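> So you can see what is in the structure, the chains are spelled out below.
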Amino acid sequence: MTRLSSPEKLECARKEIVAKIDPSKPCISVCAGAGCLASGAAEVIAAFKTELEFHGLTTEVNTRGTGCPGFCERGPIVMIYPGEICYLQVKPADVPEIVSHTIKEKKVVERLLYVNPATGEKVTRESEIPFYKNQQRNILSENIRLDSKSIDDYLAIGGYSALSKVLFQMKPEDVMGEIKKSNLRGRGGGGFPAWRKWEESRNAPDPIKYVIVNADEGDPGAFMDRALIEGNPHSILEGLIIGAYAVGAHEGFIYVRQEYPLAVVNINLAIRQAAERGLVGKDILGSGFDFTVKVHMGAGAFVCGESSALMTALEGRAGEPRPKYIHTAVKGVWDHPSVLNNVETWANVPQIINKGADWFTQYGTEGSKGTKIFSLVGKISNTGLVEVPMGVTLREIIEKIGGGIPGGKKFKAVQTGGPSGGCIPEAQLDLVVDFDQLTKAGSMMGSGGMIVMDEDTCMVDIARYFIDFLKDESCGKCTPCREGIRQMLRVLTNITTGKGKEGDIELLEELAESMGAALCALGKSAPNPVLSTIRYFRDEYEAHIRQQRCPALACKEMIAFHIDPAKCKACGTCFKQCPAEAIEGGKKRIHVIDQEKCTKCGTCFDVCPKQFGAVGKISGEPVPPPVPEEKRAL
Amino acid sequence: MDIKRIDEIIEKHDSEESSLIQILLDIQSEHHWLPKEALNRVAEKLQVPLSRIQHIATFYKAFSLVPKGRHEVHVCMGTACHVRGAQRVLDAVQDATGIKPGETDADLKFSLETVNCLGCCALGPVMEVDGKHHGNIAPSQIASVLNNCD
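Going down the list, the protein sequences come from chains C and V.
First residue of the first sequence? That's 0 in numbering that gives the first Met the number 0, and the numbers climb one at a time after it.
First residue of the second sequence? That's 0 in numbering that gives the first Met the number 0, and the numbers climb one at a time after it.
Hints are computed from structural coordinates only; laboratory data are not their basis.
Since this is a predicted model, take the numbers as computed values, not measurements.
Take these hints with a grain of salt, some might be off.
[Stated by the list, open to error] Which bits of chain C does chain V cover? Going by a derived footprint, with three or more residues having C-beta under 8 Å, they are:
1) 10 to 19
2) 24 to 38
3) 209 to 218
4) 375 to 389
5) 477 to 489
6) 593 to 606
Yeah, the Cβ is synthetic: ideal placement off N, Cα and C, and Gly gets one too.
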């Protein structure tokens, strides 16, 4: 591998790579992101290789594993170029047909195409699928264009040109100016303007400075950082080096959580490749600028996503936050100025440099510029990663891109911002998505998790879920967080198990207020899920407390399962599958659940054939007495 | 336990105190737990008090101070999985294995852990057995998946 010792050599290398690419040569791209791999993408790639070999096509057709395009619901996703034909939910058994039909005869395999549920029309090209069509994929679109393990692929799409531009045509102040003009705000949660951290660090007198990528994506339900760092690791690295140049840092860290093994592999590989090419290390591209970077694996602690805790962890200690009277940008890792930004924030940097702040600011609202990636998950038809300009409404995301709620259920709320965020009800769906509007509604942008909930989700249980999550994740250093969360959980558990009493809601509100005294954002924002659900769904809390009723029929302790004698057809399905042997049945006899034996696992409810729908849930009222033995014959 | 191997891991990280967590992660991934001898060795080599190593080993979830079973079962309890019924999946796994999260069974066959998010939210609920993901899993399928482990 030749070291690229000047910007001219970088451009030469790029030209050579591009010249070797024949755009008319067929290429099979299979998503090799974690989601698709979990659905069997590796087997599909292997099947393609075997099949192409069988047909003697290995030299005529390229195959590659790419980053995540976002439509995880329908994985494994296969794209065939040229033609951008998109096949969904491909299994190894489908591969021979794809090779013989699409590769050899240039025909489309109809049955693997996306079907528009509204019109029944089949869609061939990826960009025409409504899920993608209504997005603005500035960052995510690169994922599918490259093999995440190939630096050549990244160079071919213009990779490291922003770095070269910065090192040879811009002074650090110019870089700072451009980022300031773009008003890029941190994508990790707080939405703090990136340039403010950068400037503060740059102006700090200490000559040793650090830049850090926060890839400790701990928010449950959020996986956009994972997709970026796995799919396009070089873009993060390039952004980080640019930031280092602007700030005057020569050392950097990438903190990745160990739950993302593929991300660890890909970013380490990217650093090695970049070092071989002279894009990381001493005298980058012959500019005289030195920068080295180290990957640090997290060891499973949510609080380490908090900047000061993450920095403590980098020092090799237990990741507890520290007071930030002095910003980490001035005193961070080993008390040196440290700029920490989230993965997505760094990924935006090369694009802003290449295309300009004006290009970036054409997207978004007054206070929040650019695009934001959300992970749209939960009770939604099209689950996956969604990149939209700031300022679109929640309704557009959920209905137009997400395709609404599956199974004809009713939308109830959308949870944004992870455990620090809140739940937004249907009445607020026309809210535009930006940092400030979401905060005003009692939630927050967070890292971009968007969990959709339908009528079957109990909002008290969701509040309890988040507090339970935080109880395990609070580091225990400060009392308001450690004790406050524990007491809140006790009250919420009482409410969801039918032991709630008058005054509990007020007690929760009082506890929430006292938690403002916590040391870090984890504790300060911990009450948000509780407060936002009380604000918008107080009636659900009251039903639990006053009527011992869970309106969503979700809280196990407050519901009972019951077979409607008028609907039961004695098919025996529930009888056979009940793990607790709590169902009395028999041939042509109405089935009855023994409430004493029932463990409320819900198996009978799931397996009762849809056309009968005999098993139901009851809450807040007594279970009707069982049909007498003599009247059970059908 | 092979003390030489522990030394190799420590040297791979240049015996640096700041790499303490990385060293423990490497030991954990090889042994599936942190044996006492290994911790003593790390303390000695890095000149770090054992109490600090204990602090780290108990603070972070990735570490275990007791041996793990041959098969590691992780049930994702992330929000997306939660709203799609992760609790019922966990209940079914507990029924099938007879152990609770954080526990290992007596014959060291299974260890059960809950995780906060595996990042495969589109496939929820998700159970991971020895690194292999089982997406959209129904409680009724759990027993057959676990029965395939020997």
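> Which numbered conditions among the earlier hints are violated in the structure presented, ordered from lowest to highest?
Failing hints, ascending: 1 and 5.
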